[in-house]
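All chains, please: the whole structure from these sequences, using the hints.
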Amino acid sequence: MRKRAKLKLLFSIISLATLISPAAALAHCPLCTAGAGLAALGAYKLGVNGLTTGLLIGAFAVALGLWLGKMITKKYLPGQDNVIAAFSWLTTVLPLQTLLADYTSIYVSWSGDYSSWLNRTYLINLFLVGALVGAMLVYQASPLSKFITKRRGKTMPFQTMLITFTLILLASLITQFIF
3 MRKRAKLKLL FSIISLATLI SPAAALAHCP LCTAGAGLAA LGAYKLGVNG
53 LTTGLLIGAF AVALGLWLGK MITKKYLPGQ DNVIAAFSWL TTVLPLQTLL
103 ADYTSIYVSW SGDYSSWLNR TYLINLFLVG ALVGAMLVYQ ASPLSKFITK
153 RRGKTMPFQT MLITFTLILL ASLITQFIF
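Residue 3 is where the sequence shown starts when you use this note's numbering, and the numbers rise one by one after that.
Careful, some of the hints might be misleading.
Stated by the list, open to error - Derived lysine-lysine pairs resembling DSS-like cross-links, with alpha carbons at most 30 angstroms apart:
#: 1; residue 1: Lys-152; residue 2: Lys-72
#: 2; residue 1: Lys-152; residue 2: Lys-77
#: 3; residue 1: Lys-148; residue 2: Lys-77
#: 4; residue 1: Lys-156; residue 2: Lys-72
#: 5; residue 1: Lys-76; residue 2: Lys-148
#: 6; residue 1: Lys-148; residue 2: Lys-72
In short, the hints are calculated from the structure, not lab data. No experiment lies behind these values; they were computed from the predicted model shown.
Now the structure itself:
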């Protein structure tokens with residue numbers, strides 16, 4: 003019985019050490035996408051609108067793609083990081099779109115009979131629009147950080163990360179409470 007208690011203690015210590023210092027994941031795996039999708043689905047079911055959910059998922063997908071692009075040291079294509087980020091966005095957002103689709107419509111009545119280009123009802127997928135906005139915010143965080151550094155002449159610790167989070171947070175609050 004004593005030996006069994008020691009084995010339990012050893013197993014507990016190893017398990018705790020594994021949880022405290024996890025290894026970095028170096029791949030865009032379906033598990034990451036499923037985890038983000040479940041979190042987004044949970045947020046959506048709790049009342050977060052589709053535009054905000056899409057914004058967060060789109061930002062996550064592009065950030066993951068840009069991070070993975072930096073992991074590949076040899077460049078096989080010009081703009082390889084952007085290609086990987088776009089692929090990451092497509093393989094994350096499009097499968098989740100079926101679960102998190104949120105639509106609104108806009109009626110345009112400028113000219114002509116109904117069903118002409120300037121007189122019809124257009125359907126807009128808010129999740130997809132939000133995902134595009136989130137992707138653009140993540141892409142623009144780095145140039146904005148460089149602009150601020152050039153303006154101030156110095157950087158603060160984690161400047162690009164803080165700018166990215168601030169942009170995403172502000173956009174999320176605006177899309178949730180105004181739209």
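* Does the alpha-carbon distance linking Lys-76 and Lys-148 stay inside the 30 angstroms limit? -> holds (25 angstroms)
* **Restraint check for Lys-152 with Lys-72, where alpha carbons must lie at most 30 angstroms apart** => Distance of about 23 angstroms is within 30 angstroms: holds.
* For the pair we were handed, Lys-148 and Lys-72, check the Cα-Cα distance against 30 angstroms. => Cα-Cα ~18 angstroms, so holds.
* Asked: Can the restraint linking Lys-148 and Lys-77 be considered satisfied, given a maximum Cα separation of 30 angstroms?
  -> holds (23 angstroms)
* **Given hint Lys-72 paired with Lys-156 - CA-CA distance at most 30 angstroms** => holds (24 angstroms)
* Assess, step by step, whether the Cα of Lys-152 is no farther than 30 angstroms from the Cα of Lys-77, and give holds or violated. => holds (28 angstroms)
Checked against the numbered hints above, the structure breaks none of them.
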